[in-house]
Each structure stands twice: as C-alpha cells, then as structure tokens.
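Sequence order for the protein chains is A and B.
Each residue of the first sequence is one higher than the one before, counting from 1 in our numbering.
Each residue of the second sequence is one higher than the one before, counting from 321 in our numbering.
Because the hints were derived from the structure by calculation, they are not lab data.
Among the clues, some could well be false.
List time: in silico DSBU-like cross-link candidates among lysine-lysine, alpha-carbon distance up to 30 angstroms [claimed, not checked]: (1) A/272 - A/255; (2) B/391 - A/235; (3) A/255 - A/276; (4) B/391 - A/57; (5) A/161 - A/190; (6) A/57 - B/396; (7) A/191 - A/235; (8) A/255 - A/191; (9) A/190 - A/276; (10) A/235 - A/57; (11) A/191 - A/272; (12) B/396 - A/235.
Sample of chain B residues lacking proximity to chain A, with all beta carbon distances greater than 10 angstroms (derived) [stated by the list, open to error]: (13) 341; (14) 344; (15) 366; (16) 370; (17) 371; (18) 374; (19) 399; (20) 403; (21) 406; (22) 407; (23) 411.
Idealized CB from N, CA, C, for every residue including glycine.
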Amino acid sequence: MSQPAFSPKSIDAEAASWIERRHFGPWSEADQAEFSEWLQRSIENRVAYLRLNSSWKRARRLAALPSARQSASPAQKSNTPLLMKVAAGFVVLTLAGWGSAYFLLQPRDRVFSTAVGGHETVTFSDGTRVELNTNTVLRARMTTDQRAVWLERGEAYFEVKHDPVHPFVVMIGNRRVTDLGTQFTVHREKKRMEVAVVQGRVWFDDPGRTSENGTLLTPGDVAVATASGTSVTRKSLQALTAELNWRQGLLVFDKTTLADVATAFNRYNRVKLVVKDPVAARVLVGGTFRANDVEDFARLAETVLGLRVRHTADGIEISH
Amino acid sequence: MVKRPDIDWEGAAVNPPGAEQAARVDAWFEEHVLPLEASLMQFLERNWRNASDVSDLRQEVYVRVYQAALKQIPEKPRQFLFATARNLLIDRVRHESVIPIEAASDLESLEIASDVPGPEHAAIARDELRRLQAALDHLPPRCRQALVLARIEDLSRTEIARTMGIAEITVSQYLTQGICALADTLAGKPPKPRRKT
Numbered sequence: 001m002s003q004p005a006f007s008p009k010s011i012d013a014e015a016a017s018w019i020e021r022r023h024f025g026p027w028s029e030a031d032q033a034e035f036s037e038w039l040q041r042s043i044e045n046r047v048a049y050l051r052l053n054s055s056w057k058r059a060r061r062l063a064a065l066p067s068a069r070q071s072a073s074p075a076q077k078s079n080t081p082l083l084m085k086v087a088a089g090f091v092v093l094t095l096a097g098w099g100s101a102y103f104l105l106q107p108r109d110r111v112f113s114t115a116v117g118g119h120e121t122v123t124f125s126d127g128t129r130v131e132l133n134t135n136t137v138l139r140a141r142m143t144t145d146q147r148a149v150w151l152e153r154g155e156a157y158f159e160v161k162h163d164p165v166h167p168f169v170v171m172i173g174n175r176r177v178t179d180l181g182t183q184f185t186v187h188r189e190k191k192r193m194e195v196a197v198v199q200g201r202v203w204f205d206d207p208g209r210t211s212e213n214g215t216l217l218t219p220g221d222v223a224v225a226t227a228s229g230t231s232v233t234r235k236s237l238q239a240l241t242a243e244l245n246w247r248q249g250l251l252v253f254d255k256t257t258l259a260d261v262a263t264a265f266n267r268y269n270r271v272k273l274v275v276k277d278p279v280a281a282r283v284l285v286g287g288t289f290r291a292n293d294v295e296d297f298a299r300l301a302e303t304v305l306g307l308r309v310r311h312t313a314d315g316i317e318i319s320h
Numbered sequence: 321m322v323k324r325p326d327i328d329w330e331g332a333a334v335n336p337p338g339a340e341q342a343a344r345v346d347a348w349f350e351e352h353v354l355p356l357e358a359s360l361m362q363f364l365e366r367n368w369r370n371a372s373d374v375s376d377l378r379q380e381v382y383v384r385v386y387q388a389a390l391k392q393i394p395e396k397p398r399q400f401l402f403a404t405a406r407n408l409l410i411d412r413v414r415h416e417s418v419i420p421i422e423a424a425s426d427l428e429s430l431e432i433a434s435d436v437p438g439p440e441h442a443a444i445a446r447d448e449l450r451r452l453q454a455a456l457d458h459l460p461p462r463c464r465q466a467l468v469l470a471r472i473e474d475l476s477r478t479e480i481a482r483t484m485g486i487a488e489i490t491v492s493q494y495l496t497q498g499i500c501a502l503a504d505t506l507a508g509k510p511p512k513p514r515r516k517t
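So here's chain B without its partners, still in its complex pose (with noise of 0.2 angstroms):
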C-alpha cells in the first residue's frame, strides 16, 4: 500500500507567511460558524421562498461573515451569522421585483437567538459520528464508495481506481462530487428533519 504522510496539520498549508489574522479567522470560522449551518440552512429556507436560491445565500452570508470577521471577530457568533442572514434577506427583498409576502413579513418580527449555545452544541459531540454516517449514507453510491475508500480505508487514488474497476480520473471526480454532497447532507439536509420545509 502507497504510503502517504497522513498530517493534516490544519490551516498549515493554506496560510501563506504572515496572513496569520486570516489563519485566525479561519479557525474561528470552522469552529464557531461552520457548526451553525444547519439552524442558518433551516433559517434561510424557511424564509426564502425560492429553495433553489438557498445555497447561494448560504455562500452569500458566509462571504459577509468572514469579512466581517476580518475586521473584528465577531464575540457573538451565532447572533452576528443570523442578523448577517437576515440583512441579506432584506437587500435581497429590497431587490427583488416581486416582494415574497412570508419573507417579508417573518423578517419583521423575526427573532434573533441570543448567544447561548445552540442545541448544535450540545447534541454535536453525541449525535456527530450518527449524523456522519447517515449523511454518508445519502450519497449517490459510487460517490459514496469512493470517500470510505479514500476517506476511512486510506487508500490511494490508483488504489480506488483498481478496487471499484474505474480510471483514476473517474475517482478525481466522485470524490470531488462526494466532498461536495457530504458537506450538504451533513448540515443543510439533516436526516431526520424535524420541521418541514
């Protein structure tokens, strides 16, 4: 079996020399805002009407954040990333041609949570290794296949290749499709939703 050095020594290969505030606020990013984007998923469709424009307002509040947090990282997290949403929202109502009538009247007496920590907190040591497995369990098959192998078997690229009978370019792209999906099924699809959208 190849052999490949197995340290993710985090953020240590992204940072060029001196771009130690944005190494900063990229550790904040991952670990105070990344954990929220299932509650902001369930925010933004709630009270978006089109849900097909959903992952780029994800994108959208999350480019503002980060700026933001450039500037000055933001002591309350999860208010600063739902009043960033529902900003969004808002220049995006003042935009449109066509007001959504249950965007804009939610967005009026929409209710920020506080600081206290959300219930993602709480519930994502206990439910993380569950939630994995079912959102690795909703991805197409071979996608699927290809991220245990590269993922939890360890193996390499011409491994993978060799093992489900495919060219290498092929694993390039399930995998990258994998990457991807994985990162939606694991926080803007939970499993088990418990509120219909």
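Isolated chain A, as found in the complex (with noise of 0.2 angstroms):
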C-alpha cells in the first residue's frame, strides 16, 4: 500500500490528507477500511472530514469558470471581477446560441437520424462520438470554430472530446448543454428535455433567459427541463446505467410496471403494446429484454407471468 510519509499534526491535516489520497488513488480495499475505521474513531475525526470535504466538493464548481484556470499560474492574476467576466461570457454565448438559431438549415449544417427501432453511431472529425437511440434526428455543425448539434427529437449519448477552446455545445429547444468534459444523455419528447450526466461534467442553461443562471450538472445528476422550469435530481450510477441499456439495444426493467414497460417499448417498435385493463397495468416486470423484439415479450407475458395476449389490428393488447 502505498502511503504518503507525511505525518499530519492535526485532525484537519489528516482528514485533508485522506480526501487527497482517496482522491487521486491508488485506494484499495484496505485504505478503504483503516479510512472507515479513522472516521469511526472520534466524532472530532468525522466533523473535520466533512467540514473539509465539503468545500473540497465546493471547488469543485469553479471548473465551470474560465477565469478559475487561470489561478493555476500565480504570475497572472487579474483584478477583473469574475461577475464581469461571467457575464461576458454569458452575452457572448446567448448571441451566438440566438444568431445561429435564426438560420434554421445552413448548407454546412448535417442531419442524422434514426427510424423507429434505430441505432446509430456518429463519429465526428474531432472524435466526438455520438449514439442515435431510437426515432432521433440530430443536426450537427461541426467546423473549425464551432461545435454545435442541435437535438430536434429522440435521444442521444455523447462522448465528447473535451475542449475548452471550442466547447461542444448541444441545443434542445432553448435549452443548451455545454460539455466541460463528458460522458451524458440528452433526450427530448415534446416539450421535455431530460439531460442525464454518466461521466464528468456539463453546464445546463437556456441562453434566451439570461436572469437564469443555468446549472452545472456532475456525474449522476439528472435535469429536468419542462415550459414551468429545471429540476435537478440524482440518479445511482446503476440506475443510469440500466437507462443506458439501449446502447446495446437492451431495455432492462426492474419492478417497473406494465404501462411503464409499454411505453418503453412501443419507442423503438412499429407494433405496440396496448395495456388497457388497469389491473394488468400495475403488474411488475423485471428482466432485460431486447428492445426491437416486442414479441418476444408478449410470449413472455403470456407464458411467465400468466397475462392474456390478443393481437389486434392497434398492436399487441395485454389484459389480465
């Protein structure tokens, strides 16, 4: 096990001492355990450690400012107050997000989309890839000074080729999602937007409202963006996961009822499943399943959990 020889005067320092080595690794089962029996120790030992680790995860938030790069060389040191800066920043954004908007197909603009049942992969010039789930389309505008998608419908996973100089930059509606280094989500029905985060992190806004600030979102985070406004909540990186099953073209289900089920389905099939009767709505389902064979859980439905099954002329109905 490799331990740092620094020998820590006080709590703080040992408590600082542990978030920088569970920080950077290697952490090991073993660091893990004499971590968990140092905290256990003293209630002294606890508070110091989430009082630093709190503002450890704080410093966190200032990966979303330019200006706080900058801190990392001590000879630059700017007196510009950062509110300016940010705001500058944002002004610069919004004309940009609004003036491109105007032209709604430039020649240099390229489409992507998915059918129904659809999957598809899109590699771009810059390594930036991009999968098209099921009923997606997905104009890009990738040029030497921009990067830009815009997400018309459907849902997409991004894995971004992180650069700060020329953000990847994904619009939904008048959302937009800044990437600062990413793996996430982004899916839009109608009127809702929901941008998931797997893997570093993103900045959240509507540039048409500038009195709203727009959010950073981290791993496990998962945003909400309706007419009425944005709701974060946080998502278990197995339940994000599991979501993300349709890379595999997989739907996985867990204690998830039969309407939810349905409605999971009948995105990426042409037939669909009906569920009128209330009762055969509730049932849970749980189990992976692919999610272009609908058939294959109707017999499923019929044989294992006992449900009746008709083939009609809307689709697959399923009664009790």
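Join the two chains, each given in its own frame, into one complex according to the hints.
Set out below in structure tokens:
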C-alpha cells in the first residue's frame, strides 16, 4: 500500500490527507477499511472530514469558470471582477446561440436520423462520438470554430472530446448543454428535455433567459427541463447505467409497471403494446429484453406472467 | 492523461454498512450546519477574546452538534447551532480563571437568531462562485496551483508533480494544506468582511 510519508499534525491535516489520497488513489479495500476506521474513531475526526470534504467538493464548481483556470499560474492575476467575466461570457454565448438559431439549416449542417427501432453511431472528425437512439433527429454543425448539435427529436448519448477553446454544445429547444469534459445523454420528448451526466460535467442553461444562471451537472445528476422550469435530481450509477442499455439494444426493467414497460417498448417498435386493463397495467415486470423484439416480450408475458395476449389491429393488447 | 473514476457518490465510501443514521446525520450536517460556518465564526470571534481559540471552539461546537444530531436531528439547525455555541462559551467562561468581561456581558444578552433562512442560504447560490474564486485567490500560491490542477484541471498526482516541477509527495503536502486553507478562507475569513472583529 503506498502511503505518503507525511505526518499530519492535526485532525484537519489528517482529514485533508485522506481526501487527497482518496482523490488520487491508489485506493484499495484496505485503504477504505482504514479510512472507515479513522472516521469512526471519533466525532472530531468525522466532523473535520465532513467540513473539509464539503469545501473540496464545492471547489469543483469553479471548473465551470474559465477564469478559475488562470489561478493555476500565480504570475497572471487578473483584477477583473469575476462576475464581470461571467457576464461577458454569457453575452457572447447568448448571441452566438440565438444568432445561429435563426438560420434554420445552413448548408454546412448535417442531419443524422434514425427510424423507430433504429440505433446509429456517428463519429465526428474531432473524435466526438454520438449514439442516436430510436426515432431521433440530430443536426450537427462541426466547423473549425464551432461544435454544435441540435437534438430535434429523440435521445442521444454523447462521448465528447473535450476542447476548452471550442466547447461542444447541444441545443435542445431553447435549452443548452455545454460540455466540460464529459459523457452524457440528452432526451427530448415534445416539450420535456432531460439531460443525464454519466462522467465528467456539463453546464446546462437556457441562453434565451439571461436571468437564469444555469446549472453545473456532475455524474449522477439528471436535469429535467419543461416549460415551467428546470429541476435536478440524482440517480445512482446503477440506475443511470440501466437507462443506457439502449446502447446495446436492450431494455432493462426492475419492478417496472407493465404500463411503463409498454411505453418503453413502444418507443422502439411500430407494433405497439396496448395495456388498457388497469389491473394488468400495475403488474410489475423485471428483466432484460431486446428492445426491438416486442413479440418475444409478449410471449413471455403470456407464459411467465400469465397475462392474456391478443394481437389486434392496434397492436398487441395485454390484459389480466 | 490518466483517467481516474470521476464519481463522487457522496457518503457512499464514507459509511460502513448499517451506518444509515450516520449517513443521514452527515448529509444533514453538510446541508444545514456547514453553510452557517461564516456566521458561526463571526459569532465566536465577537464573543471570545482570544482569537487563536476560535478554530478549536468551532470544532467543539461541531462535535457537540453532531453528537446531539445522532440522537435526534434538531429541527432548527441555525438556532441549535448558536445555542450550542453560546453554551460552550458559557462553559468555557466558567472554567477560565480570568473571565473575559466582554464575553460575559455579551453572553447575557445574547439573542439567538430564529430559523428564518439566514442570509447565507439566499446569498449562497448567487455568491458561491465569487466566494470560491476569492477563497482560492487567498491561498498560498503553490497550494492554490496544486488545488486548481487537481480539482479543476483534473490532473493526476504525477501530472501535477511534472507540471509544477516538484516531487509527488510535495504535491500531496501542498494539496493537503490547500484543502485546509480553502475551508478556512471559504467560511472563516470572508473575502470582504463587513464587520471589524
């Protein structure tokens, strides 16, 4: 176990040293056990750790500001008030965002789309990968000085090659996602827009509303924007991973109601699942299914769940 | 660049299985108590003569608050925090051979703010980035550089050592100092103190 030969003088120094070791690693199970033991040894240790870790986590938010980076070199210390810089940044970005929105489709724009049940991967010249889920339309403008895409419909997963000079921007309606070194998904369904961050971080805002400052999203954050506003919740890594199974063409359910299962399948298939029976709609389903094989699911619903399955003109009707 | 897992599922690694109560108290403490630190420090500095005791006093207030919260999470964190601080100061006054007069008189008439959300909560979102930036600017230059490279540029320990031209162990030391100093400058020493202490 590699441990820095650093003798802490106080509880704060010990706590800070744990934060440093945990951040950089290597971090073994033995380290974890030792750390847990240290935390539980006294409340003094615990509150010192909570306090330092809280400001350490907060420091992360500075990453959203270009000016913070300048602090890395002590020689160049700018006197411009920080808020001024931020404000200037917003103005420029806002104009850029709206200016380009007025040109609906410029010749250099490229459009990528998938049909219902489709799944496509696009790799741009800068190395950024985008996976399009079912029934998705994405417009892209990748030039030497601009990296922007518009999600017109559907869902996409982004693995962005980070470039602080030319941030990668995803526009979803009037909302904007700015990449800060990231893997994330964006899902648009009518007026509802969802952004989930898997790795790294993104800046999420509405460039049309300068009064709203925007939000920094970190791994596990899921932001949902509707006409009435934006809310951010956190999901476990497991839950996020499960939702990304469409990348393998899979749907994963865990205690999901049949009503929600039907909605999920119907995104991927022309043959629709119809669940009119309220009792059947509440049946809980778990398991992994191929997203484009609704017939297979219907068979399992019949044989395993004991539900009644009928093929009708509307699609496949499931009842109790 | 070395890729490290970037996921900080707060608390996940902190709490051994079965320590749900501690996890709840941790979250409560972080959300409701720690943001009040600037006010708490002002209060302690105003009411205690010896400024060099203040960090120890703060630490002891935190321990008492946390201990109480393990039994039951106080409904009014602000009120509870300041009541605890006041009681601690009174205890200390009783144990000191020389009673600091100003402390004693202040404590008699001490009014504890009610749990109306303090200015901290309203201001915190607005001022957060400015505060962070100011706190960062107040750190010793080498500590600041190490902190920025680690936390903002996301470099590994090895990469920071190379960038700064120092040994990895020195990176650890700068960063450890920087983490402590950041917490102090963020809460204890506001960049623009409104009140002379």
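We went through each hint and held it up to the structure:
1. A/272 - A/255: 21 angstroms, holds
2. B/391 - A/235: Status holds; Cα separation ~29 angstroms.
3. A/255 - A/276: Holds. Residue 255 of chain A to residue 276 of chain A sits at ~19 angstroms (cutoff 30 angstroms).
4. B/391 - A/57: The given pair, whose Cα atoms are some 27 angstroms apart, holds under the 30 angstroms limit.
5. A/161 - A/190: 29 angstroms, holds
6. A/57 - B/396: 25 angstroms, holds
7. A/191 - A/235: 22 angstroms, holds
8. A/255 - A/191: It holds: about 27 angstroms lies between the C-alpha atoms, which stays within 30 angstroms.
9. A/190 - A/276: 23 angstroms, holds
10. A/235 - A/57: 18 angstroms, holds
11. A/191 - A/272: 23 angstroms, holds
12. B/396 - A/235: 28 angstroms, holds
13. 341: Given that every Cβ of chain A is farther than 10 angstroms from that of residue 341 of chain B, nearest at about 13 angstroms, it holds.
14. 344: 13 angstroms, holds
15. 366: Consistent with the label, residue 366 of chain B stays out of reach of chain A, its closest Cβ about 21 angstroms off (over 10 angstroms).
16. 370: At about 18 angstroms from chain A, residue 370 of chain B clears the 10 angstroms cut-off, so the statement holds.
17. 371: For residue 371 of chain B, whose nearest Cβ neighbour in chain A is about 17 angstroms away, the distance exceeds 10 angstroms, so it holds.
18. 374: 14 angstroms, holds
19. 399: Residue 399 of chain B is indeed farther than 10 angstroms from all Cβ atoms of chain A, at 19 angstroms.
20. 403: Non-interface label on residue 403 of chain B holds, nearest chain A Cβ at 17 angstroms vs cutoff 10 angstroms.
21. 406: The assertion about residue 406 of chain B holds, with a minimum of 19 angstroms to chain A.
22. 407: 17 angstroms, holds
23. 411: Nearest chain A Cβ is 17 angstroms from residue 411 of chain B, so the label holds.
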